[in-house]
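So the chains spell out like this:
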Amino acid sequence: MNRVNLIRSKIEQIEKLLIEVKNELEILGKESQFQPKKLQTEESLPSEQELKAEYEKLYEEFITKNSKDIITEFVKGKNKIYLKAFCKANNLPLDTTKVSKERIADEVIQWMVQRKAITKKAT
Amino acid sequence: MKSIATVNFKGGVGKTTVTWLLAKYAAEKKRRKVLVVDTDAQMSLTLAVQLQESGAMYGEFENWYENQHLRRNKTILRALEKYDTMEGGHFDFPIDSAFIYQMTPNLHFVPSVVDLYWLELEVFDREKVKHFIRALLGKIEHSRNFNYDYVFFDCPPNFTALSYSVLSCASLILIPVNPDVFASRGIGLMIDGLRYRIEPWPDPQIGVFMNKAKLHRGNLTRETERYWTDSKVVCDAKRREGVSIQAWESYIPDRVDIKRAIPGRFFPSDFEEYFAGLWNNIERVLR
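Protein sequence lines, in the order shown, are assigned to chains Z and P.
Here our numbering is used: position 97 in the first sequence is 384, and no number is missing along the way.
Here our numbering is used: position 174 in the second sequence is 177, and no number is missing along the way.
Bound conformation, chain P alone (with noise of 0.2 Å):
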């Protein structure tokens, strides 16, 4: 089980579409048994499978939220909690239905909570939480009922317990940049800051790439391609530097019905080859 996590301390270079839209892909067009972990308060991912739950004929999933995972509390803020305040090396959070929903037989989701807007503010032990995601994921891979090829990390644009907990043990780690100057500075900014704060530093590989990318003509503009041009400057230094990291030429357009596809039912077939090319490479470095 590869754990693959995106992130990028910039907000709105497009995380939470790219983890999503990824996971199906992976899920519906590669057959691969995929988890999907929202860990960020603002709960977009957690919203986009409400919709597309809500606009099909099943519409289980609020009535699963509200019912199962919150009322018998069941949320990844308590498995934290529970594995916080443990004891004697037992991590009592039964991994069940209550904590995973399942979509489809290939696509299993863990929801966002709330709640975890004010995590911050709770007193954890930092380096015990370090820990916690792995363990969580030793739980899942050890449970009867679940079995994944991957589990995608959709992580919030800031530095939380919970994306330090994530960012400890991913196998991968996913950074979209957007054609502009802030989002091409994250790159750096992250890695830098990452190396810094995580210890030891896990060294997971790192794939960057062009999302949001402005076309013309089917080609890449010339101002996506000269902030690409200087990404891939940032990347040869991290690499020289030691980090496995790559900056991969596969990129996502930038279309406004790629947000439209969030909610939908189906893995939207017109982004299909870029997609693809994405996944190529996340299976190349993990393989």
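One chain only, chain Z, in its complex shape (with noise of 0.2 Å):
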């Protein structure tokens, strides 16, 4: 009887070891496939002077037009990966994780108004 019980109690502990076996699996896959999209999105980053190119394509747009609208549309239209790769490559000091989109828009709208004043001719 006891050679029985120790078979059981064994049957059980292989039961245990295959259900974590199982759920570490489960979780390497959700892994897997998160992983291919993340660095699918960083590839198709631009470059770091492509960003900036695009701070100043987008400043040239905000003076011609003189609104505000195309900012705040720009970082509407762009997702969170995006919007933190453009101000760190411009230089815009916020941290893009833990403020929303208005406010970015708000944060890039102040700067450009303030680069606006800084270059405008005295004379």
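Just so you know, the hints here were simulated from the structure itself, not pulled from any lab data.
Errors might be hidden in some of the hints.
As the list claims (entries may be wrong) - No farther apart than 25 Å at their CA atoms in a straight line, the calculated lysine to any residue pairs in the SDA-like style are these:
| id | chain 1 | residue 1 | chain 2 | residue 2 |
| --- | --- | --- | --- | --- |
| 1 | P | LYS235 | Z | ILE350 |
| 2 | Z | LYS403 | P | GLY14 |
| 3 | Z | LYS367 | P | GLU226 |
| 4 | Z | LYS375 | P | ASP257 |
| 5 | Z | LYS339 | P | ARG243 |
| 6 | Z | LYS403 | P | GLU244 |
| 7 | Z | LYS375 | P | LYS77 |
| 8 | Z | LYS407 | P | ASP206 |
| 9 | P | LYS77 | P | TRP67 |
| 10 | Z | LYS388 | Z | GLY364 |
| 11 | P | LYS235 | Z | GLU343 |
| 12 | Z | LYS407 | P | TYR167 |
| 13 | P | LYS217 | Z | GLU394 |
| 14 | Z | LYS317 | Z | LYS339 |
Small disclaimer: the values here were computed from a predicted structure and weren't measured.
Two chains, two frames, some hints: make the complex.
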């Protein structure tokens, strides 16, 4: 009888191990599902130079059309990963992971308004 | 002898601190013969020298200032008055040790006087005054006892008759900017204003650099970088207009101990790398 109990206990241990292994496999499976997507997004990001050029283009449009909506629309149309890279490349002091798109748009507008003032001709 | 004017019409950007420490760096570390002229009626630089001398074993400056400089009326304001009223082309203002204070063999100083505050109320012939500093530098250059490689001018944050004269003949205009919109705006304001006011525009070399730069782990913060980028945009635009302007990447960090270093007897070694970078740029453009 003791021997039977011992075998049963071993079977229980094996079952527990199998459940743990199954769970780990599931987690690994989910991670591998996310990874290619993340890699794909990072790979598709423009280079730092391109992001700087984008800022310049945006500023020109802001000046030419004299409209803040251009910036709001621009920010709305981009995802957070892009905006994070955009802010970093253009040295905008903003933690994009913690703030809303509206807040990011406000910040970009503020910097562009300041630049307009800084570069304005005096005579 | 090259003349360097530190100017920004925005107050508080650190003109006096930079001028003083730069002059000290050149005299002490580079063994250049340097004269510093305080043209600001606020007399900050003059006070710095006074504090420095009082804290040292000599403490001679106050005595010299009262008993020679003021009593014998050998101030920069008196020189300007003499120049303004001269007749027959003879600028009667001998350059001597009552006009120039000799702090060390390499570092000499012409202090300011409080009466410069009222300079604008006096009536000066603007065109004549324009050549005053040039004439004064000519006299210094030809004096037997004084021989300088560089003359630094600490300019006031406004456009006085004296700063007009300094800026009309400076070999290099140094513009310190701070990481804020007001100081950055100062670049365009000043250059446009000076070109409009000073005729003919002498086309001096202009060096713009970041002063009071904010650092994080040894690098410029993003905010400082952003302001610097926008300042460079102004410099690029002015260069395209034909102004001999450069934006230098060398910067002076914002640290509380820099103010403490002003009245110190020696150049603060902690700041050597920053001033070395700035000085290299200066000598390169003035070569």
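Taking the hints in turn, this is what the structure says about them:
1. P/LYS235 / Z/ILE350: This hinted pair holds, its Cα atoms lying about 18 Å apart.
2. Z/LYS403 / P/GLY14: Roughly 21 Å between the alpha carbons, so the hint for Z/LYS403 and P/GLY14 holds.
3. Z/LYS367 / P/GLU226: holds (20 Å)
4. Z/LYS375 / P/ASP257: holds (23 Å)
5. Z/LYS339 / P/ARG243: Measuring from Cα to Cα gives roughly 21 Å; hence the hint holds.
6. Z/LYS403 / P/GLU244: holds (18 Å)
7. Z/LYS375 / P/LYS77: Roughly 56 Å separates the two Cα atoms, so the pair is violated.
8. Z/LYS407 / P/ASP206: holds (21 Å)
9. P/LYS77 / P/TRP67: Since the Cα atoms of P/LYS77 and P/TRP67 sit roughly 11 Å apart, the hinted pair holds (cutoff 25 Å).
10. Z/LYS388 / Z/GLY364: At roughly 10 Å apart (the allowed maximum being 25 Å), Z/GLY364 and Z/LYS388 satisfy the hint.
11. P/LYS235 / Z/GLU343: Measuring from Cα to Cα gives roughly 13 Å; hence the hint holds.
12. Z/LYS407 / P/TYR167: Holds - the C-alpha atoms of P/TYR167 and Z/LYS407 are around 23 Å apart, at most 25 Å.
13. P/LYS217 / Z/GLU394: holds (19 Å)
14. Z/LYS317 / Z/LYS339: violated (35 Å)
In the structure shown, a violation is registered for the earlier hints numbered 7 and 14, in ascending order.
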